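A.B. asks: Keeping the supplied structure of chain A fixed, place chain B upon it in accordance with the hints.
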Amino acid sequence: MTNVVEGFSTELAEIVKSAGPAVVRVEGRRRLPASGIVWSEGGIVVTAHHVVERDEGLSVGLGEDQKADAELVGRDPTTDLAVLRVEGIELSPAASAGLDDLSVGHLVLALGRPGRTVQATLGITSALGTSWRTAAGGSIDRYLQTDVVMYPGFSGGPLVDAKGKVLGLNTSALRGVSLTIPSLTVDRVVESILSHGRVQRGYLGVGVQPVNLPEALAEELGQETGLILISVEPDTPAEAGGLTLGDTLLSVHGEPVRRLDDLLSMLSADLVGEEVIVRILRGGDVREQKVTVGERQ
Amino acid sequence: MTGRLQEFNEQSARLAAQVHRSLVRVESGRWGAGAGTIWHSDGLILTNSHVARSRQLRISLPDGRQASARLLARSRDLDLAALTVELSDLPTIELGDSEKLQSGNWVMAFGHPWGVEGAATAGIVIGQGAQMQGRPAFGHNWLAVGLHYRPGHSGGPLVDSAGRLVGINTLMVGPDVGLAVPVHEVKRFLKDSLQRATV
Numbered sequence: 001m002t003n004v005v006e007g008f009s010t011e012l013a014e015i016v017k018s019a020g021p022a023v024v025r026v027e028g029r030r031r032l033p034a035s036g037i038v039w040s041e042g043g044i045v046v047t048a049h050h051v052v053e054r055d056e057g058l059s060v061g062l063g064e065d066q067k068a069d070a071e072l073v074g075r076d077p078t079t080d081l082a083v084l085r086v087e088g089i090e091l092s093p094a095a096s097a098g099l100d101d102l103s104v105g106h107l108v109l110a111l112g113r114p115g116r117t118v119q120a121t122l123g124i125t126s127a128l129g130t131s132w133r134t135a136a137g138g139s140i141d142r143y144l145q146t147d148v149v150m151y152p153g154f155s156g157g158p159l160v161d162a163k164g165k166v167l168g169l170n171t172s173a174l175r176g177v178s179l180t181i182p183s184l185t186v187d188r189v190v191e192s193i194l195s196h197g198r199v200q201r202g203y204l205g206v207g208v209q210p211v212n213l214p215e216a217l218a219e220e221l222g223q224e225t226g227l228i229l230i231s232v233e234p235d236t237p238a239e240a241g242g243l244t245l246g247d248t249l250l251s252v253h254g255e256p257v258r259r260l261d262d263l264l265s266m267l268s269a270d271l272v273g274e275e276v277i278v279r280i281l282r283g284g285d286v287r288e289q290k291v292t293v294g295e296r297q
Numbered sequence: 001m002t003g004r005l006q007e008f009n010e011q012s013a014r015l016a017a018q019v020h021r022s023l024v025r026v027e028s029g030r031w032g033a034g035a036g037t038i039w040h041s042d043g044l045i046l047t048n049s050h051v052a053r054s055r056q057l058r059i060s061l062p063d064g065r066q067a068s069a070r071l072l073a074r075s076r077d078l079d080l081a082a083l084t085v086e087l088s089d090l091p092t093i094e095l096g097d098s099e100k101l102q103s104g105n106w107v108m109a110f111g112h113p114w115g116v117e118g119a120a121t122a123g124i125v126i127g128q129g130a131q132m133q134g135r136p137a138f139g140h141n142w143l144a145v146g147l148h149y150r151p152g153h154s155g156g157p158l159v160d161s162a163g164r165l166v167g168i169n170t171l172m173v174g175p176d177v178g179l180a181v182p183v184h185e186v187k188r189f190l191k192d193s194l195q196r197a198t199v
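Chains as they are written, first to last, in my numbering: chain A, 1 to 297; chain B, 1 to 199.
The shape of chain A in the complex, shown without the other chains:
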């Protein structure tokens, strides 16, 4: 009877044991504590934004008596991530992995530490897709859905693969199913929060609506639709750059903008403060305006 089932069981427990020290308890709300992942050296802990209900009086705990105050470095509600800095307890960062080797059907474990000890649930990868955007506009590098059961307090904890590597951070807040923010996205957001205190987003100051382009122009550009400006806020990069109501955006920084999503993905952190060429259709003519991208507050 010494067997595959026993070996399987032991290996699962070993995975939990090896990844467990990087899973912390995060106390930042009135109800049950949630979980967090020790992400990098210097006591950097990442957790879910929605479980950090206050900005101060936060603490992070590991085992029986290891507990320390935590400082909120910053948060990004659009990706449901928050970054904390902890001093005073020894924390060893998690080993993370990308999703290149993951397929639908692979076993995964969700870990959490709402109490003193690490807890685990098992499931399989249910869906794996390309990049997507949250309802709040956050950009997530891959869509990763699992059938692991997210117990109360599991949000902010890691999803680990069969090698014990952290694939990402689990959250139950984004879609009502068990979703994981991939490590790549967490890396990007953590980096941005550590250097700017927040995730920078570009800003123009316009309201837009997709419209069909005149047939001839559509054919010439290979682009059926553009974005018509239905509002231009005063004292904004758009106004300063000479954009006016009724202009139709064709491209920004060389990239065609057919839908709102195209524009949103364009306005990433690296364009903040940059002067970009905006091609517009005004009164039947295609023209170019120079606009310096601002930062969304």
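No wet-lab data here; the hints were simulated from the structure. Keep in mind that the hints are not guaranteed to be accurate.
To be verified - Here are the simulated lysine-lysine pairs, DSS-like style, with alpha carbons at most 30 Å apart:
(1) A:Lys-17 <-> B:Lys-100
(2) B:Lys-100 <-> B:Lys-187
(3) A:Lys-67 <-> A:Lys-163
(4) B:Lys-191 <-> B:Lys-100
(5) A:Lys-165 <-> A:Lys-17
(6) B:Lys-100 <-> A:Lys-163
(7) B:Lys-191 <-> A:Lys-67
(8) B:Lys-191 <-> A:Lys-165
(9) A:Lys-17 <-> A:Lys-67
(10) A:Lys-165 <-> A:Lys-67
(11) B:Lys-187 <-> A:Lys-67
(12) A:Lys-67 <-> A:Lys-290
None of the values given here were measured: they were computed from a predicted structure.
C.D. replies: Below, chain B alone, put in the same frame as chain A:
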């Protein structure tokens, strides 16, 4: 790769067949029926206190034998009851070390959910201890497992990956969270209450 999975599948089924022999049905008059676990070959059976509610208790074994049972001891705190039947040579399950059970370990539970005889459900240990959400607080350790406990699982055996008894299925606290009384607590209960019963 498929070979391993198939092997796992077959061993899991063999393990289930083995444990199944020690799973009994406990009928409790108008209170309905639950499950029970053979603890000793001379007729000692463990179940939940909430299963053994009636004075008229009847046990059915998987091999078809039936007998009326007498209540030896019960603990409402632990939700455990010890029953005795006038039967011998009952198949038992080897006892496991529930204190060594770790978060992530594979477990299987047996019972009669919704009256389905001898059904199995499998998952992993979520955790153990005094920090379980929704757990009635009485100072004992619970074993939280990620299984589909349903009415009728109560009193049945929870076994580890080697088929050793590690707990008694007791209650569900969420859609996929079950709580079991770990075997080390069962041992303590038997030691405490059976000594008292013989004095």
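A.B. asks: Against each hint, give a clear statement of whether it holds in the structure.
C.D. replies: Checked hints:
no., hint, verdict
1, A:Lys-17 <-> B:Lys-100, "holds, 13 Å"
2, B:Lys-100 <-> B:Lys-187, "holds, 15 Å"
3, A:Lys-67 <-> A:Lys-163, "holds, 28 Å"
4, B:Lys-191 <-> B:Lys-100, "holds, 20 Å"
5, A:Lys-165 <-> A:Lys-17, "holds, 12 Å"
6, B:Lys-100 <-> A:Lys-163, "holds, 22 Å"
7, B:Lys-191 <-> A:Lys-67, "violated, 38 Å"
8, B:Lys-191 <-> A:Lys-165, "violated, 44 Å"
9, A:Lys-17 <-> A:Lys-67, "holds, 19 Å"
10, A:Lys-165 <-> A:Lys-67, "holds, 25 Å"
11, B:Lys-187 <-> A:Lys-67, "violated, 34 Å"
12, A:Lys-67 <-> A:Lys-290, "violated, 52 Å"
In this structure, the hints that do not hold are numbers 7, 8, 11, 12, in rising order.
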